[in-house]
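J.: Take a look at the letters that make up each chain.
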Amino acid sequence: MRFVDEFREPELITRTAQEIRRLADPARHYRFMEVCGGHTHAIYRFGLMDLLPPNIELVHGPGCPVCVLPMGRIDDGLSIAEDPNVIFAAFGDMMRVPGTKGSPLEYKARGMDVRIIYSPADALKLARANPEKHVMFFAIGFETTAPSTALTLMRAKAEGIHNFSVFCNHVTIIPAIRAILDSPDMRIDAFIGPGHVSTVIGCRPYGWIASEEGKPIAVSGFEPLDVLQSIVMLLRQLNEGKAIVENNYKRVVPWDGNRAALKAIGEVFEIRPYFEWRGLGFISQSALRIRESYAEWDAERRFSVPGIRVTDPKAAQCGEVLKGVLKPIQCKLFGKECTPEHPIGALMVSSEGSCAAYYSYEHRKASELVNLSAV
Amino acid sequence: MTGAPPKLRFRDPQVDMAHGAGGKASRRLIEGLLAPILCGAQAEPLGDAAHVNISGTRIAMTTDAFVVRPLSFPGGSIGELAVNGTVNDLAVSGARAVSLVVSFVLEAGLPTGVLEAEARAMAAAAQRAGVTIIGGDTKVVEHGKADFMYITTAGIGSLIPGLQTSAASVRPGDRILLSGPIGDHGITILLARGDLDLEANLRSDTRSVLPFVEALAAAVGSDVRWMRDPTRGGVATSLNELARDCAFGMRIAEERIPLNDGVRGACELLGLDPLHIANEGQFLAVVAKESADAALAVLHATPGGEAAAIIGEVTEQPAGSVLVTTLYGGTRIVDMLVGDPLPRIC
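Chains A and B, in that order, are what the protein sequence lines are. Start counting the first sequence at 14; every next residue gets the next number (this note's numbering). Start counting the second sequence at 3; every next residue gets the next number (this note's numbering).
Be aware that a few hints might be false.
[To be verified] Result set (DMTMM-like, lysine to aspartate or glutamate): computed pairs, CA atoms no more than 25 Å apart in a straight line:
(1) A:K138 with A:E313
(2) B:K147 with A:E145
(3) A:K121 with B:D149
(4) A:K121 with A:D269
(5) A:K121 with B:D342
(6) A:K340 with A:E313
(7) A:K114 with A:D88
(8) A:K170 with B:D14
(9) A:K146 with B:D247
(10) B:K291 with B:E270
(11) A:K146 with B:D197
(12) A:K138 with A:E95
(13) A:K138 with B:D247
(14) A:K276 with A:E226
(15) A:K349 with B:D149
(16) A:K170 with B:E201
(17) A:K349 with B:D342
(18) A:K121 with B:D18
(19) A:K138 with B:D139
(20) A:K121 with B:D14
(21) A:K121 with A:E354
(22) A:K349 with B:D199
(23) A:K263 with B:E270
(24) A:K114 with B:D342
(25) A:K114 with B:D18
In case anyone wonders, no lab produced these hints; they're calculated from the structure.
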């Protein structure tokens with residue numbers, strides 16, 4: 014398969030892993046944050062941890078859209094779905110994320126009209142096909158998915174489709190990275206930078222991470238070779254005492270981003286003054302809302318929702334895990350009350366969530382190793 | 003019966019789609035609620051078919067219900083699945099299907115032509131598998147109360163001499179064999195639903211796996227330790243069940259798992275693991291190390307088994323888990339499927 018196999022070539026991987034071992038100073042401990050859930054998933058899926066020397070620690074970042082969504086927003090969206098006239102449409106990623114009274118899939122099991130869609134355009138298609146119903150698209154994602162939501166809203170307006178709305182939960186990545194760097198308990202040496210987000214926003218917005226915070230960052234793709242090569246770049250920068258933004262995903266990321274996509278975002282959305290992130294709390298100017306000119310298609314304006322802040326269960330330490338302060342396995346609920354089958358926090362739901370990735374791919378292996386070393 | 007009634011471990015308040023997806027939730031439902039009530043404490047380990055003793059003759063018996071949307075898809079249809087599914091459950095329990103009975107639940111408004119086509123598909127599949135259909139039942143429900151039609155088949159089979167398979171006989175060092183490329187059926191269905199604007203040159207792999215079972219029985223007989231047709235939940239779920247039942251680990255090598263490009267591409271795009279995708283005509287076996295090469299040779303020589311491979315082995319550790327080694331020597335645990343495979347978009 015082109016554009017995949019080249020980046021999984023065993024010999025190149027082995028050589029890159031050797032290069033990492035050569036570059037890593039054995040006297041130092043490195044903490045690299047991979048920002049995206051997609052990176053986390055790839056690291057576990059390909060067993061990349063096994064290829065790294067023990068003094069390189071990968072810390073999982075906040076770039077998993079369903080993981081950072083607070084439960085109150087899910088409740089709000091699902092409260093709209095309780096209207097028998099409404100079709101609730103969302104990506105498959107959302108379907109198992111728990112709200113206070115259950116996940117979208119559980120709502121579906123109780124008879125509510127919940128549909129899995131593959132693009133916002135499909136939600137609009139549903140609205141055209143069901144003129145007697147109202148279709149609400151529960152939009153999630155960073156700058157990666159915001160343009161397609163924007164284009165769909167533009168089309169709804171142009172075509173005059175009035176039985177369609179969007180419950181907007183789009184968030185932006187830069188404020189989240191800033192919140193992590195501002196967090197006092199956080200020590201990160203460098204960043205494996207977002208891949209898909211950068212196809213839209215480009216590399217420029219990361220400049221301050223290098224220039225003001227002095228942290229190297231390499232924008233990275235999601236194949237094993239992408240991730241390892243980014244680690245090489247970060248090690249080189251640290252060894253040379255440099256901190257710059259490097260683009261290691263040039264095959265899809267233009268330095269200046271995608272102007273057409275940014276323009277669509279600007280046409281439809283504006284920045285919210287503040288938005289709540291699970292685990293990170295309220296972050297100012299960190300999310301998008303629908304502009305006044307598209308008010309008719311804004312589910313938050315059309316429907317009244319409870320809008321109640323729901324705190325995560327006390328014992329759950331999603332926030333600490335999300336910020337990379339704790340490893341998934343260090344959370345008190347991990348693998349006990351909270352499993353992929355009965356997730357308490359969203360990090361245990363999405364396959365990009367670090368808890369789910371850790372649970373599926375690592376933790377039994379880890380406990381085995383502990384058992385073995387005890388023998 | 004004496005003693006206290008069995009304790010029920012199943013605590014979920016309602017049945018969800020996940021309970022039918024063949025993974026963890028299905029297992030909990032069956033082991034935690036249905037089997038203790040229906041089969042009691044003396045229930046046998048849950049295999050694909052039960053072996054029963056009738057007047058001194060041991061026979062195998064099983065049943066399977068089929069719900070699929072759309073009813074027909076590239077490479078097959080619900081009728082064909084309904085025959086092959088039961089034939090295969092019997093086959094991997096070490097039995098040759100002899101006779102089937104069938105029940106139809108039909109929705110009012112179903113075009114006769116569709117029913118006729120499915121009946122013909124069943125007859126043809128039965129003929130190919132060498133089994134007779136000897137009876138059945140039909141019910142009709144109101145329009146909108148069923149997905150056009152549901153089919154249930156039940157079958158009995160005669161035990162194939164020389165086979166003595168069970169999870170308990172599996173030992174570290176045994177080899178894991180797979181008959182061919184995985185995921186074709188599940189991905190074909192996913193694409194045939196038309197919700198995704200994706201196309202691939204794929205066909206369901208629905209077929210009888212009895213020829214593989216008979217070939218192994220003839221060639222290596224009692225060295226076959228365990229067999230399974232990895233349907234819902236895929237190869238990962240079947241191997242996890244084995245790992246739990248035998249309390250050893252399963253170590254498989256990613257690069258040895260046969261995979262068609264269409265399945266690989268769709269899985270990459272949708273964030274799915276081919277090891278979790280359903281098959282309807284693949285065959286998984288654990289064979290003693292000494293006989294593994296001979297077993298592979300006969301699978302290769304069986305029509306449809308040309309791509310068969312030894313994909314891994316049984317290991318002491320990690321006990322109860324399935325470990326995949328990646329191309330670069332990294333490893334990952336592969337768990338049972340949780341719920342239905344859901345595509346990952348954002």
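J.: With reference to the structure, classify each hint as holding or not holding.
T.: Structure-based check of all given hints:
1. A:K138 with A:E313: holds, 21 Å
2. B:K147 with A:E145: holds, 22 Å
3. A:K121 with B:D149: The given pair, whose Cα atoms are some 17 Å apart, holds under the 25 Å limit.
4. A:K121 with A:D269: violated, 42 Å
5. A:K121 with B:D342: Holds: K121 (chain A) and D342 (chain B) sit about 14 Å apart, inside 25 Å.
6. A:K340 with A:E313: violated, 35 Å
7. A:K114 with A:D88: holds, 8 Å
8. A:K170 with B:D14: violated, 44 Å
9. A:K146 with B:D247: With a Cα-Cα distance of about 49 Å, the restraint between K146 (chain A) and D247 (chain B) is violated, given a limit of 25 Å.
10. B:K291 with B:E270: The hint is violated at about 33 Å.
11. A:K146 with B:D197: holds, 19 Å
12. A:K138 with A:E95: holds, 21 Å
13. A:K138 with B:D247: With Cα atoms ~47 Å apart, K138 (chain A) and D247 (chain B) exceed 25 Å; violated.
14. A:K276 with A:E226: violated, 29 Å
15. A:K349 with B:D149: Judged against 25 Å, a Cα distance of about 38 Å means the pair is violated.
16. A:K170 with B:E201: This hinted pair is violated, its Cα atoms lying about 30 Å apart.
17. A:K349 with B:D342: holds, 22 Å
18. A:K121 with B:D18: Given pair K121 (chain A), D18 (chain B) holds - Cα atoms ~9 Å apart, limit 25 Å.
19. A:K138 with B:D139: violated, 40 Å
20. A:K121 with B:D14: Holds, because 16 Å separates the two Cα atoms, which is no more than 25 Å.
21. A:K121 with A:E354: holds, 17 Å
22. A:K349 with B:D199: Distance ~39 Å between K349 (chain A) and D199 (chain B) Cα, so the pair is violated.
23. A:K263 with B:E270: holds, 20 Å
24. A:K114 with B:D342: Measuring from Cα to Cα gives roughly 21 Å; hence the hint holds.
25. A:K114 with B:D18: holds, 15 Å
Violated hints for the displayed structure, listed by number in ascending order: 4, 6, 8, 9, 10, 13, 14, 15, 16, 19, 22.
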